[in-house]
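Student: We have chain Y; now place chain P onto it with these hints.
Just so you know, the sequences run in chain order Y and P.
Here the numbering used here runs 24 ahead of the position in the first sequence, where the first position is 1.
Here the numbering used here is used: position 168 in the second sequence is 149, and no number is missing along the way.
Hint data in this document are derived by calculation from the structure and do not stem from the laboratory.
Hints may contain errors.
Said to hold, decoys possible - On the chain Y side, residues computed to face chain P include the following (Cβ under 10 angstroms):
#: 1; residue: Glu66
#: 2; residue: Leu89
#: 3; residue: Leu157
#: 4; residue: Asp235
#: 5; residue: Asn241
#: 6; residue: Gln269
#: 7; residue: Val273
#: 8; residue: Ser287
#: 9; residue: Pro297
Stated by the list, open to error - Listed below are the simulated DSS-like cross-link pairs for lysine-lysine, each with C-alpha atoms no more than 25 angstroms apart in a straight line:
#: 10; chain 1: P; residue 1: Lys(-15); chain 2: Y; residue 2: Lys95
#: 11; chain 1: P; residue 1: Lys25; chain 2: Y; residue 2: Lys56
#: 12; chain 1: P; residue 1: Lys(-14); chain 2: Y; residue 2: Lys87
#: 13; chain 1: P; residue 1: Lys(-15); chain 2: Y; residue 2: Lys87
Stated by the list, open to error - Here chain Y is said to cover these stretches of chain P; the calculated rule only asks that three of the stretch's residues, wherever they fall, bring their Cβ under 8 angstroms from a Cβ of chain Y:
#: 14; region: -8 to 3
#: 15; region: 56 to 70
#: 16; region: 123 to 130
#: 17; region: 152 to 165
The structure displayed is predicted, hence computed values, not measured ones.
Note that the Cβ used here is the ideal one computed from N, Cα and C, for glycine as well.
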Amino acid sequence: MSTKHTKAAERFLSDKQQETWHNETLWFVREKRDRMAFSLPEWEDLREMANKIKMHTITHLDKYLDQFSEKAEANGVIVHWAKDAAEHNQIVLDILHGLNAKKMVKSKSMLTEECHLNDFLISHGIDVIESDLGERILQLKGEMPSHIVLPAIHLKRQQVGELFEDKLHTEKGNSDPTYLTRAARQHLRNEFLTADVGMTGCNFGVAETGDVVVCTNEGNADMGTSMPKVHIVSMGLEKIVPTVQSLGVFTRLLARSATGQPSTTYTSHFRKPVDGGQMHYIIVDNGRSDILGNKEHIQTLKCIRCGACMNTCPVYRRSGGFSYTYFIPGPIGINLGMLRHPKEYSDNVSACSLCYSCNNVCPVKIDLADQIYRWRQNLDSYGKADPLKKTMSAGLKFLFERPGLYNFALKFAPLVNHMPHFMVYNGLNEWGKGRELPRFAKESFTSMWKSGKVKPKK
Amino acid sequence: MSNKKDILYSLQRNISERYDMPDIDLLEGIVYPDPLEKFIEVSKAVGGDALVLKPEEDINEFIKTHYPEAKTIASNLREIEVATFNPDEVEDPHSLNGTDLAIVQGEIGVAENGCVWIPQNVKHKGIYFIAEYLVIVLDKTKVVNNMHEAYRQINFGEKGFGVFISGPSKTADIEQALVVGAHGAKGVTVILK
Chain Y
25 MSTKHTKAAE RFLSDKQQET WHNETLWFVR EKRDRMAFSL PEWEDLREMA
75 NKIKMHTITH LDKYLDQFSE KAEANGVIVH WAKDAAEHNQ IVLDILHGLN
125 AKKMVKSKSM LTEECHLNDF LISHGIDVIE SDLGERILQL KGEMPSHIVL
175 PAIHLKRQQV GELFEDKLHT EKGNSDPTYL TRAARQHLRN EFLTADVGMT
225 GCNFGVAETG DVVVCTNEGN ADMGTSMPKV HIVSMGLEKI VPTVQSLGVF
275 TRLLARSATG QPSTTYTSHF RKPVDGGQMH YIIVDNGRSD ILGNKEHIQT
325 LKCIRCGACM NTCPVYRRSG GFSYTYFIPG PIGINLGMLR HPKEYSDNVS
375 ACSLCYSCNN VCPVKIDLAD QIYRWRQNLD SYGKADPLKK TMSAGLKFLF
425 ERPGLYNFAL KFAPLVNHMP HFMVYNGLNE WGKGRELPRF AKESFTSMWK
475 SGKVKPKK
Chain P
-18 MSNKKDILYS LQRNISERYD MPDIDLLEGI VYPDPLEKFI EVSKAVGGDA
32 LVLKPEEDIN EFIKTHYPEA KTIASNLREI EVATFNPDEV EDPHSLNGTD
82 LAIVQGEIGV AENGCVWIPQ NVKHKGIYFI AEYLVIVLDK TKVVNNMHEA
132 YRQINFGEKG FGVFISGPSK TADIEQALVV GAHGAKGVTV ILK
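Next up, chain Y with everything else stripped away, as it sits in the complex (with noise of 0.2 angstroms):
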């Protein structure tokens, strides 16, 4: 019955004090945001009024994207399309090439991640440097980010400490955050002051404008686009709002739902290259426009990546990012991987407990849940549902199909009761591996209601 994200789950559970740390961390973002919703009369209907832009956006995109690269054109940005991430890559190489550029400096892009950017650029001899501190902390260790807004939050200061003393030089022993992101912030200066291009991801982009707009905590993202002459954007196509107008909404949404924070410290606005410079955006399909016309699933596309479903999500926060076999995990991560490749990722749908809780903090009203029910549903038509389950609910219906047979099996379950926890809980009990059983009733409500003992309430 183990899935590779309950045998991963079981590992980073192994650690308690870890595992303790990680949940209540993530819990406490969760509060944060809670305060911020709060605080707010209107954010339900900010939330409503997010939902219906983005699912008029996404069924116009034919529209938008069109005038979105007209109107950048006309600011004198080179636009570029992508179908997939070997094209994107390709592209992103092709002008470093022409430029003749060594060094590029990235601010945070989970598109990026997805097309496996780095790796391929590094393999043709660029020098990429991530330099949200996060990414970069993970760069320097050779790891994945997991969560899409915290990178580095399975990590503790003393590894980020001892990662710093081989790479940057830093004081033995000294895992002082402040210190430690000083250190960094020297480091990456440096970086941003000898790169020959900048690239950034991309939170929305305007489409009666041709802005993009990006927004951070650090000024990463900034300090890489204000030093090298050449700024490239990659982009999810589903990215785009129709006006300037509705930008509102949505940055007022994302921060208060992402860490619990009122905005990012920059919120910025991209228009025209600068003087002399080039302004890139690479807009990327790589299967976005397949999900557009996937009824069950066509709500991911709204998607503002601000990780509240991670941090709200009980199973997320007790098993960790690497848990997921998808490079996006949680809820949103769960349903991004079945889009992507359902016989790979299947193994991410049972990281649910059907709470529903992602749902309800979403700040574009995604349905999260309801989609990965519906996958589960379907999981024996990609031939991956448990045979063990199968076999139980097999079990089940025939029980459930004889009544007879039922009372029968009910009236001798109270005997578990009584049982040795040993012969209760063993190898044969997947069930049990955790929790404890509920306490069989005596008697069972058909029985108690048939010699009147229930009573109904005046």
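Tutor: Okay, now just chain P, sitting in the frame of chain Y:
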């Protein structure tokens, strides 16, 4: 060009039902009894500072008192006499590295989140981010309640860049411990006058 056509065609092919655009103006954004007071409160909450300059106070004296250690001070504002150089006269933005303090003009303050809108009004936008400390001068009558109001008013200017700044640069990427001063300014003061 053909990639664009193919992608747009693929989108068209996959869209089965088109949803209407809602009327954003129907959304009522929060309104505060005193937006200026709220702006100051939130600016402090996000790790920055904001204060109203009294009529008898001189902005240059104020800056000198609050940033006594600043040696290289950048500003293109005429009233800032304590500036040691005008960043608009610098040819290469890389030379802005090492600036202790920059004093720049903001256009709109937003009460709900402490954001100040700055349409690029300097030669190199890098000065907003590379200076160790940042002072933003803002007309105190230009504080609005929320982002909806702000977006109705913003302008971009010729340079084609604009940024909302809310407090100092920060990160919590190491164990969620908040550290101010990641890559940008380690401190931001908004002077309202």
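Student: The structure should be examined with respect to each hint, and the outcome stated for every one.
Tutor: Quick rundown of the hints versus the structure:
Residue-level restraint check for Glu66/Y holds (minimum Cβ-Cβ distance to chain P is 6 angstroms; threshold 10 angstroms). Restraint check, Leu89/Y versus chain P: the minimum CB separation of about 6 angstroms is within 10 angstroms; hint holds. Look at Leu157/Y: its Cβ gets to within about 4 angstroms of chain P, closer than 10 angstroms, so that hint holds up. The beta carbon of Asp235/Y comes within 8 angstroms of a beta carbon in chain P, closer than 10 angstroms, and the hint placing it at the interface holds.
Restraint check, Asn241/Y versus chain P: the minimum CB separation of about 5 angstroms is within 10 angstroms; hint holds. Residue-level restraint check for Gln269/Y holds (minimum Cβ-Cβ distance to chain P is 5 angstroms; threshold 10 angstroms). Using the Cβ-Cβ criterion of 10 angstroms, the hint placing Val273/Y at the interface with chain P is satisfied: the shortest such distance is roughly 7 angstroms. Taking 10 angstroms as the C-beta contact cut-off toward chain P, the hint placing Ser287/Y at the interface holds, the least distance being around 4 angstroms.
Taken as an interface hint, Pro297/Y checks out: its beta carbon lies about 8 angstroms from the nearest beta carbon of chain P, inside 10 angstroms. Of the supplied pair hints, the one linking Lys(-15)/P and Lys95/Y holds, its CA atoms being roughly 15 angstroms apart against a limit of 25 angstroms. With a C-alpha separation of about 17 angstroms, the suggested pair Lys25/P and Lys56/Y falls inside the 25 angstroms cut-off, and the hint holds. At most 25 angstroms may separate the alpha-carbon atoms for a hinted pair to count; Lys(-14)/P and Lys87/Y meet this at roughly 12 angstroms.
The suggested pairing of Lys(-15)/P with Lys87/Y holds, with an alpha-carbon distance near 12 angstroms, which does not exceed 25 angstroms. Residues of the region -8 to 3 of chain P with a Cβ under 8 angstroms from some Cβ of chain Y number 12, which satisfies the need for three, so the listed coverage holds. Counting residues of the region 56 to 70 of chain P whose CB lies closer than 8 angstroms to any CB of chain Y gives 0, so the stated coverage by that chain is violated, three being the minimum. Remark: the region 123 to 130 of chain P is confirmed as covered by chain Y, as 3 of its residues place a Cβ nearer than 8 angstroms to a Cβ of that chain, reaching the required three.
Residues of the region 152 to 165 of chain P lying with their CB closer than 8 angstroms to a CB of chain Y number 12, which satisfies the three-residue condition for coverage.
Checked against the numbered hints above, the structure violates only hint 15.
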